[in-house]
Structures are given as C-alpha cells and as structure tokens.
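Student: Using the sequences and the accompanying hints, generate a full structural model.
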Amino acid sequence: MNRLVLNKVVLTLSTISALIGIGFLFWILITLSYKGIASIQLSTFTNDLVEGGIRNLLVGQFTMALMATFIAVPLGVLAGIYLREYGENSRMTSIIRSLSDVMTSAPSIVIGVFVFALMVEPFGTYNGWAGVVALAIMMVPIIIGTTDNMLALVPKELREAGIALGGSKKQVIMQIVLKAAKVGVTTGILLSFARIIGETAPLLFTSANNQFFSMDLTDQFPSLTVSIYNLATYPDEASRELAWAASFILTAIVLFINLVGRYVTRHKQ
Amino acid sequence: MSGNLFRNLSFFSATLSLFILVGIFAVLFSYAQQSLHEFGFDFLFIEEWEAGEDDEGGIFGGYIPIIGTLLSTLIAMVIATPLAMGIAIFLTEIAHSKIVKPFSIAIELLAAIPSIIYGMWGLFYFAPIVQSTVGGNGVGLLTAGIVLAIMVIPFMAAITRDSMNTTPDVLKESAYAMGATKFEVIKDVVMPYAKGGIIGSIILSLGRALGETMAVAFLIGSVMSIPKGITDPTTSIPVLLANNFAEAQDLEISSMYYLALILFVVSFAIISVAKFYFLGRKK
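Same order as they appear, the protein sequences are chains F and H. Residue 40 in this note's numbering sits at position 40 of the first sequence; the count goes up by one each step and never skips. Count along the second sequence from 1, add 1000, and you get the number used in this note's numbering.
Note that these hints are calculated values from the structure, not bench results. Incorrect hints may appear among the rest.
List time: in silico DSS-like cross-link candidates among lysine-lysine, alpha-carbon distance up to 27 Å [unchecked claim]:
no., chain 1, residue 1, chain 2, residue 2
1, H, Lys1098, F, Lys8
2, F, Lys179, F, Lys169
3, H, Lys1182, F, Lys8
4, F, Lys182, H, Lys1187
5, H, Lys1195, F, Lys8
6, F, Lys156, F, Lys182
7, H, Lys1172, H, Lys1187
8, F, Lys156, F, Lys169
9, F, Lys182, F, Lys170
10, H, Lys1101, H, Lys1195
11, H, Lys1172, H, Lys1182
12, H, Lys1098, H, Lys1172
13, H, Lys1187, F, Lys8
14, H, Lys1182, H, Lys1195
15, H, Lys1182, H, Lys1098
16, H, Lys1098, H, Lys1187
17, H, Lys1182, H, Lys1228
18, F, Lys169, F, Lys182
19, H, Lys1187, H, Lys1101
20, H, Lys1101, F, Lys8
21, H, Lys1172, F, Lys8
As the structure is a computational prediction, the values presented were derived from the model and not from experiment.
Tutor: What follows is the structure, given as structure tokens:
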C-alpha cells in the first residue's frame, strides 16, 4: 500500500509543479497586460522619450536589431554551411561547432564589456554601431547552430542527385540543400531575432540610450530595453507607467515573433 | 561567385566565431592586467571595493560580487531543480497527449520572455510578496534567487523532458508488466536512463544563471555588502558590471574587467562540461 501512496504523492507533486510553472507565465503576462495596457496612450507611440513616449526607442531598438541581423545572417548561415557541407568531420569543424554551441549560452554582459573595449573606449563615445555589433555577436552562434542542424536534416540523396546532374558543390548547396532547409533556417533566424530584440545587458554601455529621435549610429542610440531599465528606477509615477507600457509592447513583440516561428515550422513540415 | 570563393567565404565565417571567442578572452585578459598585477589571486578574497584618495589607486576586491553571484545562483538552483523535474515528469509521463503540446509551448514562451521583464515584474509584484512573507526589505538574495529560478525552470525542464523522452518504451513497459507503479518506473527506469541529460540540464542552467544580468540587477539590491541573512541585499558580478562599469576608471575598471574575465571563464567551463560531458554531442 505504501508504494501506491508514494506513487500518488509524487505524481501529484509533479502536476503541482507544472501548474506552478504555468501559473507564473500567466501571472507575469496578466500583470504585464493589466499595467501595460492601462499605461498606453496614443502619445506613447507618437512621442519620443523626451516627451514621454517610446517612438524613438522602438525605432532605435528595431534599427539595431535589424542591422545586427544583416550582419549575423550571412556570417551565421555561411558558417553553418561550412560546418555541415565542407568541414566533413575534421577536428577543426568539431572544435568550431562546440565553441559556437557554448557561445550561445555565454553571459551577454561580458559581450557588452568586450564590445565596449573595442568600439566605445577608443572613440570616447557610446555609439549605435557598438550596440549593433554586440547584438550580432550574440546572434551569430544561434544562427550557426540552427543552420547546421537544419542542413543535417536534408537527405544525402538530394545532394547526390544534384552532383549526378553535374552541379558544382556550390550549386548543390545553394540551389538544393539550402532550399530544402529553407523553412528551418528562416525559423532559426526569426527566433534569434526574437531573442536579441529583448536584450538589455549588451546594450547598456555600447549603444547606451538617447532621449531623442536619432538614426545616427555613430552616436548614442535610443534603446527600448535600456530605457525600461532606467525608467523603472525613477521614482515618479509617469516614468514607471511608461516603463510598463514599454515592457508590455516589448513582450508582445517577442512572444508574437516566437509564435509565428513555431507556427511556420509546424505548418510547413 | 566561383565555388572556391564561396568555400573560402564560408570557411572565414566559421573561423570568425573562433576569433571572437579568443578575442573576448584576450581583450578581457589584457584590460584586467592592471588589477591582476595589483591584486593577483588575492582579488578573490578581498572584501573592500573602495577608490583611493583623488581617484588614485584604491582597493578593489571581487569577494562580495563573487559570493553574491554564487549564493543567488545556489538559491535559484535549489528552487528550480525540483520544479523543473516535476514539470518534465508531468510532460513525459502524466499529461494526456492533447495537453502536452500547448503546455510545452507555454513553458517555452516563459523562456522567451526577455530578462528585463522578469526584473520589472519581480521588483513591483514579487519583491513586495517576499517582503511581507519572509521579511527583509523586498530586494535581496532571496528575491533575486527565486526570480532567477523562474527564469531557468523552462530551460531546465525542456532539456530534461527531451532526455526523458529518449527512454525506450519497451523498458518502461517491461517494468509496468512487473507491476511497478508509475513512480517506480520513473525512479528506476526513466531517471537512470536519462541521468546524463538531467545532470547536464542542471549544470547548463547553473551556467546560465551565473551570467544573468537584468533580472538580478532589479532584484538583488545592488549594494557592496556581504549578506548576513537570506533576504539581505548584496550584488553580483553581472549586476556590478551593469551598474558601475561605464563610470569606472583606471584600477577600478581594470578590476571590473578582471571580474568579467572570471565570469566568462567560469561560465564557459561550466557550460562546456554540461554540453560535452553530460549532454553529449548532437549530430
């Protein structure tokens, strides 16, 4: 009898921990929506931070994340192609694959410190490019990983068929392998974008922040996440409300991209 | 573009990530030189963090942020591990197949929420609860540890679930046929089979928790003092960097590079052990 009771207890505890996990998700999302929606006004989207809105912050955050994507996608996809298509099983390939895998979990604040030393200190000013590079450094290993894994799923026969038709290695990769893995690779890019758009730590002392609208990447650059961090610690109610509005919008964007990514993968496979 | 050029370009991209990694280590190491020369390994045990007169010299030791990082991570692990195991067991052995998918997505969304959001929510909604139930002034080790736990749970649960899922059904069915209860199957068949993956997921989450910045920055209190109790405020390496790095100079900023180097090397080592020793190489 004892073991049946123990069985019940453990299964109940497991179910409870699952409910606790879900409970936290809803708790966070509900408070965020409640506080966020109540704080959003039309002026939140039309004004810049200096006038109590987040227009410049949204534009700034997206600009940096998109620029980082433009840098990271070719590098990450090409590196993934090298590892899977050219590297065979050489020692070098397995070292690069392992290190890049570890880099996906590297502390983001350290990447901020690294880019500060290379791109902020020498110029004496925070700048948008430094933020872009910090985000790109975070993004590349994620894209390498997903590209590598997705290319591995493409059947060997497809490659052989391509070569039998007289295609060069490059043609086979670009026109057959990459096409077959298109959905997976794109989803990987989408999810890595969702990850870096919400990053704060690598931007704190690279792009820093800017209260005004700016498209000048050589100077301090407006950031939504850095602003949330600053606003939340101000004592006045208006700043906090803006921080809630910004947090809600940021979370909505991140979760939306995640859901789209998941939907696309499920739908196309 | 010729085939050769394409091959070289992709080789260059692949080695670039290697250079970045070596570059991070080299930059942190060389900028930390001043502090390394001044304090050496004693740095780890020096409790002071004080600028000298006229910003000359001063004493900067890593003891407090290192202890703060370790303790907040320890609290997070103690809370997260049983909950993550429970969630993984629920998803693999208990839940009806119709619930598993939406539930997994929900848990993964929890992992996708940016850490700064956990910080905001923790500061305004969770800290007051800790304050009224356990005491202290809301922000401190315990609050940071709990919110850190909530952040790593989805991560840990997902990897544990995946490795539990690899247990062959035949093994489980044989145990059931012998009259084993579900718990006994989990304990004596699934757990031993998935042991490497489970330990790996715990160590990997540990490595991530060590370097987590924003959520902890909101919640740990950010003061340079040794915590005497579990609710006391203190600081951690990432939080100290986040708040004070940009204004620091000379020996102080060099000491911060030193801290960043320690954090980078330690989390690199921990994550490597988790990935390659326990989780094995993915093909």
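Student: All hints are to be evaluated individually against the structure, with a verdict given for each.
Tutor: We went through each hint and held it up to the structure:
1. Lys1098(H) with Lys8(F): Between Lys1098(H) and Lys8(F) the Cα gap is close to 22 Å, so the pair holds against 27 Å.
2. Lys179(F) with Lys169(F): holds (14 Å)
3. Lys1182(H) with Lys8(F): Within the cut-off at roughly 9 Å; holds.
4. Lys182(F) with Lys1187(H): Given that 27 Å is the threshold and the Cα spacing comes to 41 Å, the pair is violated.
5. Lys1195(H) with Lys8(F): holds (23 Å)
6. Lys156(F) with Lys182(F): holds (16 Å)
7. Lys1172(H) with Lys1187(H): Since the Cα atoms of Lys1172(H) and Lys1187(H) sit roughly 11 Å apart, the hinted pair holds (cutoff 27 Å).
8. Lys156(F) with Lys169(F): holds (13 Å)
9. Lys182(F) with Lys170(F): holds (16 Å)
10. Lys1101(H) with Lys1195(H): Between Lys1101(H) and Lys1195(H) the Cα gap is close to 24 Å, so the pair holds against 27 Å.
11. Lys1172(H) with Lys1182(H): holds (9 Å)
12. Lys1098(H) with Lys1172(H): Holds, at roughly 21 Å.
13. Lys1187(H) with Lys8(F): Between Lys1187(H) and Lys8(F) the Cα gap is close to 14 Å, so the pair holds against 27 Å.
14. Lys1182(H) with Lys1195(H): Distance ~18 Å between Lys1182(H) and Lys1195(H) Cα, so the pair holds.
15. Lys1182(H) with Lys1098(H): Holds, at about 20 Å.
16. Lys1098(H) with Lys1187(H): holds (25 Å)
17. Lys1182(H) with Lys1228(H): Roughly 43 Å separates the two Cα atoms, so the pair is violated.
18. Lys169(F) with Lys182(F): OK: Lys169(F) and Lys182(F) at ~18 Å, within 27 Å.
19. Lys1187(H) with Lys1101(H): holds (24 Å)
20. Lys1101(H) with Lys8(F): Roughly 24 Å between the alpha carbons, so the hint for Lys1101(H) and Lys8(F) holds.
21. Lys1172(H) with Lys8(F): This hinted pair holds, its Cα atoms lying about 18 Å apart.
Violation of the numbered hints given earlier is confined to hints 4 and 17; the remaining hints are satisfied by the structure.
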